[in-house]
Each structure stands twice: as C-alpha cells, then as structure tokens.
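The chain contents come next:
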Amino acid sequence: MASRAASTSNAQSWFLHRITGTFLIFMLITHFWVQHYDQQTATISHDVLSTEQIENDVLPGYTPEAEAAVEARFGETAEVTPHDVVMLRLADPVYAVLWKAFNILFLIVALHHGFYGLNNVMSDYIRNPMARKTAKVLSWSLALVLFVVGTYSVLVAGW
Amino acid sequence: MTLNVEIKRYNPEKDDAPHWESYEVPADPLDSALALLLHVKWHIDGTLSLRKSCAHGVCGSDAMQINGENKLACSVLVQDLVDSDGATVKFAPLPAAPVIKDLVIDQSRFFEKYREVKPWLINDNPAPEKERKQSPAEHEIIEEATKCIMCGACTHACPSTWASPDYLGPAAMLKAYRYTFDTRDDGEGERLDTVDSENGLWKCYTIFNCNEACPKDIDITRWLSALKRRSAVTA
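In the order they appear, the protein sequences are chains G and Y.
Quick note: the first sequence uses my numbering, first residue 670, plus one each step.
Quick note: the second sequence uses my numbering, first residue 52, plus one each step.
Take these hints with a grain of salt, some might be off.
[To be verified] Reference listing, derived: stretches of chain G covered by chain Y, where coverage requires no fewer than 3 residues with Cβ under 8 Å from a Cβ of chain Y:
#1 679–685
#2 787–794
[To be verified] Residues on chain Y that point at chain G, a partial pick, calculated with CB under 10 Å:
#3 Tyr61
#4 Asp134
#5 Ser135
#6 Ser211
#7 Tyr218
#8 Leu243
#9 Ser248
#10 Gly251
#11 Leu252
#12 Lys279
#13 Ala283
#14 Ala286
Everything labelled a hint here was simulated from the structure, so no lab data went into it.
Glycine residues also receive a C-beta, built at the ideal position from the N, C-alpha and C atoms.
Given these sequences and hints, build the entire structure.
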C-alpha cells in the first residue's frame, strides 16, 4: 500500500456515505416502528382501529393509559397528540437517554448521508468552480445549522 | 430482409446541426451492424464517415450508438437488433463527445483522460535479466481488466461523463485499476491520487451503464469498486 496525498482525497467521505447508508436502513426501520407501529418499545402506543370502527367513522385515538399519562404530565385539559406521546417517550425516566442518543445519531447519520448526496448532485450540475465551492460551503453550513437545531430539540424534549 | 437504416449525419462544413437520414439496406439476419453501414457507404452514399478497422471486435474503433445503446458495430448481429423485415436500425455517434463528422467523434478528450492515469508500468527497480514475472494467480486479479480494447462505449454510456466533461470515466479508471492491482507495478500512490479526486472515482454512482455497454463483458463497476476500496484504505 502506497502513501498518498490525503489532503485531496475524498475517500473518507465516500466511505462514510456507505457506512451511514447501512446505518440508515436499520435506523429508519427502528424509527418507523417505534413512531408508528410499536406496542411495546414506546411507553404509550396508538389505538389500532378495527374494520367496523373505520366503517363507523371512528377517529384514531389513544389508549386510556396514554391519555392518563399525558394528562398527568401536561394537565387535565391536555389533548393527546402524537407530539405529546413522543415527548412522553423522551421524558421516560429509564429510556429517555437511550432514545435521545438514538435520535441524535439518527440525525447525524441522515444529515451526512443526505448532504453528501446533495453535494454529489450539485457537483454534477454546477460547472463553475467558484459557484461549486460556494454551494458546497452553503450546503454544509445548512447541515450544521440543522444539526444544532435538531440536537437542541432532542436534548430539551421532554426534559 | 430489407431494413430501414437511419443514420445521424453531420458535416460541419455544410450542416448547422446533425440530422437523421434514412436508407433502405438489404440485410441478412447474420450480418453485423457494421455491414449495414458499409453497404450504405459503398453502394448508396460514399460521403458517410465512420471509423472501422479490424471489423472483428479487436481494435475497438467502431463503437457507436445503435438503437440507443452504445455498442461495437462489428460485434452486434442484425438478428439481435431487429426481428422483422422493414424494421428500423438507428446509428448515431457516441454521446457526450464532439462530433467530427457523421459517426466519427473527437476522441482526444477520451485519450487525455486515459493518459492522466498513467497507463503504463511504473517500476523504478532495475529490470531482471529476462522479464518481470507474475504468477497466474497474481495475473488473475487483473486478467479481465486487460481485455479492455479502449473503444469508449463505457465512458460515453456513463451519465457522469454526460454531466461532467472532466470526469475521468470508466475506461480510464479501469486502466488505473489494471495497473494499480498489477503486482509488478509501484505506481499505486500517484495513480490513486489521480482517481481519488473530484473528477474521479467518487462520481461513479455504481449504476452499471458501463457494464451494459462493454462489448467485452468486463465487469467494470466491480473493478472500480475495488479501486474505491483501495483508495479508501490508503487515503
């Protein structure tokens, strides 16, 4: 293996793109399962409507336990919304740290994967080297802003 | 059978832009596509320009777009292109290259990229008395890549080439693989520095157009992936 002029190399970004892509497969499945389908991992879960209920125009609601938990935290008049349920999970005394860590990692992985891909597309279509560099700096700055906002949101949620 | 042969013609001294012209050509299903073009040139319109030399899939000079796909005209049979009398076969120059005339493209950019990857043996050690030896197992690693005939079908089938004229392209990078993985070669560092760049490996999005186009059935994407891995571990 020969030594290389690493400063010009783009290999690490490409390698990270592969790694984050692999991570995203599992993290997206976990994310969708926990947010939308799970009955166990989340502290609170959605009601699942039966065919008869759907035919009778019953709207999806939460279990009495979910409503009780939300009211206990946000007051008697609180309505149970998906946002409240997510907040409850992120306030869980046992699992909150785990979910926050998962969400922040998910955020980093998704941002790197997405913005590396976006930069590939931009470098395909932007011919002018100066414009290309500007687009690159702007896009990664946006990624940084999204990372800060996202991490802050995850950290303070439920706490 | 008689075929309707459509050729994208362009004469820079007369035409403002390329245009399609049609010719009725008698053909046998076992004729090569090149035979259709030669019939046009020899019997209908002698002004048609095309490159061809060996006509047997060795020299690689007659790569062109046939019915929308990059192929070697001498290596594809009429029966594999059309199945009925009166059917249309369309010939156009390879895409994403300046056209000199009719089906002849300007290959200078293609070969500039080829030279960029230093497609020769780099080894400063004094040559042994007879030859630099390589075991069959060592040769096996690069065997398939050595079959490239530099026809350009792959590079001009690649959307990254279409998007970016500076992109090295699969043909040049396959050559980089061929020498980088040659056990007799010491030029890995400088060659990887060339392919591990903005216009190199990372613009390969692994869409396999090069594999589809290669008349020698080289698994180009596979070898470029090996080159990517080597770049990643040495960067």
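Against the structure, the hints come out as follows:
| no. | hint | in the structure |
| --- | --- | --- |
| 1 | 679–685 | holds (count 6) |
| 2 | 787–794 | holds (count 4) |
| 3 | Tyr61 | violated, 25 Å |
| 4 | Asp134 | violated, 37 Å |
| 5 | Ser135 | violated, 40 Å |
| 6 | Ser211 | holds, 7 Å |
| 7 | Tyr218 | holds, 9 Å |
| 8 | Leu243 | holds, 6 Å |
| 9 | Ser248 | holds, 6 Å |
| 10 | Gly251 | holds, 8 Å |
| 11 | Leu252 | holds, 8 Å |
| 12 | Lys279 | holds, 7 Å |
| 13 | Ala283 | holds, 4 Å |
| 14 | Ala286 | holds, 4 Å |
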